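Protein chains in written order, with the working numbering: chain A, 111 to 352; chain B, 126 to 538.
Watch out, some of these pointers could steer you wrong.
What the hints assert, rightly or not - Cross-link-like lysine-lysine pairs, in silico, DSSO-like; alpha carbons within 30 Å at most:
| # | chain 1 | residue 1 | chain 2 | residue 2 |
| --- | --- | --- | --- | --- |
| 1 | B | Lys240 | A | Lys122 |
| 2 | B | Lys315 | A | Lys125 |
| 3 | B | Lys244 | A | Lys122 |
| 4 | A | Lys125 | B | Lys244 |
| 5 | B | Lys460 | B | Lys369 |
Don't read these hints as lab results, they were simulated from the structure.
This one's a predicted model, so the numbers in the text were calculated from it and none came from an experiment.
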Amino acid sequence: MAIMLALLERDKSGKGQWVDLACTEAGLSLHGPALLDWTVNNRPMRAAGGINSNRSQYAAMAPHGIYPCAGDGSATNEGAVDDEWIAVSCRHDGDWQKLSGLIAEVPHNSDVNWCDEFSELQQRLSNEDELDEKLAEWTATWQKLDLQQRLRQLEIPVAAVQIPQERIDHDPTTENFGLWPTVKHTEMGDVRVDGLPVHFSQTDWEMTTGAPCLSEHTDEVLIDLLGKTPDEVATLREESVI
Amino acid sequence: MSALDGIRVIEIAHERIAFAGKLMGDMGADVVLVEPLAGDPTRLLPPFVNDEPGENRSLYFMHNNTSKRSIVLDLDSEDDRGTFLRLIESADVLIESEPTTRLSSLSLDYADLIKRQPKLIHAAMTPYGRGEPLSDLPVTDLTLMAAGGPPWSCGYDDHSLPPIRGWGNQGYQTGCHYLFMSVLTALLHKNATGVGQFIDVSMTAALNVTTEAASYSWLVSEATVQRQTGRHASVRPTGETQVKCADGRYVNTGVPPRFAVEFKNLLDWMTEINLAEDFPEVVFLEMGANWDGPFDLSLIGEDESITAIFMAGRQALVKIAHSVIAYDFFIGCQKAGLSVGVIYSPEEAFDDDHFKARGFAVEVQHDDLGQTLTYPGAPYQLPMSPWSISRRAPHPGEHTSEIIADLEQGSSD
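Chain B with its partners taken away, still in its complex shape (with noise of 0.2 Å):
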């Protein structure tokens, strides 16, 4: 029993959209994906189950379709737009990422579904919004975050290399955040209401409001932020944040220290692990750890006490990232409260102790390939409302004749 149990999504299968099917299924929704007659082309997408191609071993579409069960229809059939009709009819959403006059041209469109349906969520999401030309012209994650903004964000302070769109179809992710919040939205309107209604989402909208000060620097000031390595693109530049360890790893020093406890903390450390003496700044540290009262942080550049104390903080972050690996840094910074970060791949932040000791990793049994693998689990977690990953992704078409025989046996009820 989760959150969303007892709703039923039809979700017509779409790379930009499986995410947020993924979403609902794993908070207990009944996600239905509609998948052609060749099944979803991101069955086809590697990596796969020991780099072995098969259109039931991509990791890819196994990630996207966790908790969802399978039905085969070919929407130009007229057969199976019957089907479909009577799918919408036992469902409370449907979420699409179709062309955005498809649905339309086959009579599926919101207008011919809330007949079948009257309370049904109708959610869209397209590249520019339902209403715009420029939704149907061909689009790839890349191309919608360039045109969203963040890439113009990100990358290094060389900027005779390009900007950098982020790892993994983060285009994809964004809209179907939105999607989903869009849809949870809309559900709680529904539950006090008894009301339904249309959604469109804009995926280069979503991106563009995700850019934070990339877009108010500009509305509010008329000033543009330039990309940096490491740390928030920023109208002036700002000091380097990442430091190579010991162990060759980088951390990022994040916030640098700016209260007495923090420099005192520093200082002991340093002390502790004999950095201190042949550290000519310590006498700035020391000046900082006994500050009475707070700093003026604005006077950082003007008043030469101040800069100097907040200069020796940096430099004796660097100096430690120097000395010992990237770990003992973390740990030694989060004992002296200060904010600061390893920089993980994916795969190192899983097998950290602090993700380990909250569980975040879950087994998902197959069945298919008779092995246990282990996925990311719950992105949030609810005591009362269990993320959980009900089911290993569908085998195409895997579940269409458990869902005929349900809509044929509530017809007849």
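Extracted from the complex, chain A is given alone in its bound form (with noise of 0.2 Å):
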């Protein structure tokens, strides 16, 4: 970014400059809200009986968070966590009225009723905590995939925790939008990279080749850009310059 506004700059005045970023700047800068509650009202984030960050730190919506999902057996670590785990926000008393109702059609025990104590937003914020133990024990019973489909036909905010097999192999999403190009690597062969999540109708990108191995472009680079002879290079490499 900083470097195309400086380009953009250059642009105008015809003027280079020095740019200078600060990593931790650049990240502090994306925490605006928080640090505004901070001068402004003198509230440091991480206050006692502040919320986990999987809930909403600005509209008030409950539940809002990442619940546990069945997973297929296989899991043999530690404690035997299938590590299976699904996202899901309702924004309104709308969607919570679609979820219970779900949870009403495919209860997982006697309790059927649970969501009745939960209808009001308020009661919900109020015992969040509850909430998303009895939530966590209903989303348990479900494969995050079949559940996800569930919601999305319920339109409410919902989403798989995808691990990288699931995002790259799996999901059309990705695939539709050319994310994952095979580009050309000297030593590796054809191997598969992260592409751009932009598309331009009129530059758009396109990648052909992957890094380059270690000292793969001297010659190219001394000779093409830097105009020496391939004598010249073989002297530098002679008396191990390069």
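Grab the two chains, each in its own frame, and use the hints to assemble them into the complex.
Shown next, in the form of structure tokens:
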């Protein structure tokens, strides 16, 4: 961003400039509302009784979290955690009513009316730990993709927490976007890489070659860019300069 | 005067793209925020100034809408669409995050707009891309993040705890960064050729390509990274890096010592604060300090001496951290040439001397509140094209008459 801004400035003024980017400042500038809450209201971000960051920080929404789902029974790690998860956000009472309707339709135990005590937003916000616990017991009976499909049909914000394989090999949206182009790497041959998450109607991107191997283009740079002759390059190599 | 001075950006208000408009406005663009009759809904989001709600008191809105002007237009009304089209004629860039077919249904999509402004750059940011029907289903920052990949890599060693989404609508911000970079690219192209274009930004694709090793471990070797407490997700577990200091604050020990001079500095520091004498592994630090030539890092775990030296380096850092307060640990490691960080909350970083010395905080006058508020400052410093908050976030429609008068003036010229 900063380099392109400097290039635009150069288009206007004909002058280059020094660009000073501190990673910590770039990062901190992403926390505007939290910083203003500190400078204006004197409220620190990590106050006692604060929420975990899967909950909604701004709009009042509950439930709003990442909940466990059923695995295929193959978990062998410590504690046999399936590590399958789904993110669900209920933006308003309407979303919650639809979700609680589905919970009533597909109950997971005899406690079929537990949603009733959470019908008002304020009840859900004030008892969010209990709400999350109950909802997690219910989501844990679902495969994440099945639940994602049902909640999409109900137009409730939902997304399975996708593992890399799912995002890359089984998500039609990334494939349709052309997000994983195959490039030629000098030593590895054909390999898929990250593409760009944008498409331009006039100047779209294209990736054909992978990252360079160490010194792969030394001769090309010295001869084509810097005007050295092949003999001069050979001498530099003999003298171990390159 | 700054890099985007003279560039007019029209932003159709939507919480997902507000931050992109701010990035442009703070670099000098004239950003006109087009709000609906009821105002942008994010005006009602907390936190509020002094915790008192009000459409001009939301700190969330105030941060994301600095350096913009506001016009209220009802795009469902033909008259207001006429005004919108006149605005487009005067503009260089349109940014929006509308449902995929809304603008075409109003005859306001790219194909319509370039009849009025052939050089327009129109950037549309949607959850999955403009051509994807899923983009029209409701999403939140949390669900975008889950679909796009970052939460899989974030959380704790204990996998019975859920994956974690970073604080503060980072999904929106990641999309906005790509939108901003794409618009800058298109502006450079327009400068060179006089030609505008349409840009399709996918928010989940943007998140996918920011997961680094998570993606390429799968792409290259079909391996799956696992989340870890306070460090990068990794295919193979890596050593813990978070250590609690004497004041109860945590530090991240980052990259442990790897060069002889770093072992020497660490040894000197331990000696200076009287920790060396009850550190049995001090002999390995001495070996590291006197090592001749570079270490072969690939031998850690195989070569006994190298393994012992590197273990001692890590243990020495932990021992020092337990004995001093976090800030002193950070400063001591800086002096020793070791890369570590105090784990700060945003407000703690804001008040750190390093940020103060660089003048990161900026004051913004709020004539409406009769107060001056302190905001986070420049994400980058370009001396010839300074970043600045040129004005506080606007009230709804605060500049409607001014902007319309301006358009009338322009058409009569």
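Quick rundown of the hints versus the structure:
no.	hint	verdict
1	B:Lys240 / A:Lys122	holds, 27 Å
2	B:Lys315 / A:Lys125	holds, 19 Å
3	B:Lys244 / A:Lys122	holds, 18 Å
4	A:Lys125 / B:Lys244	holds, 25 Å
5	B:Lys460 / B:Lys369	holds, 20 Å
Checked against the numbered hints given earlier, this structure breaks none of them.
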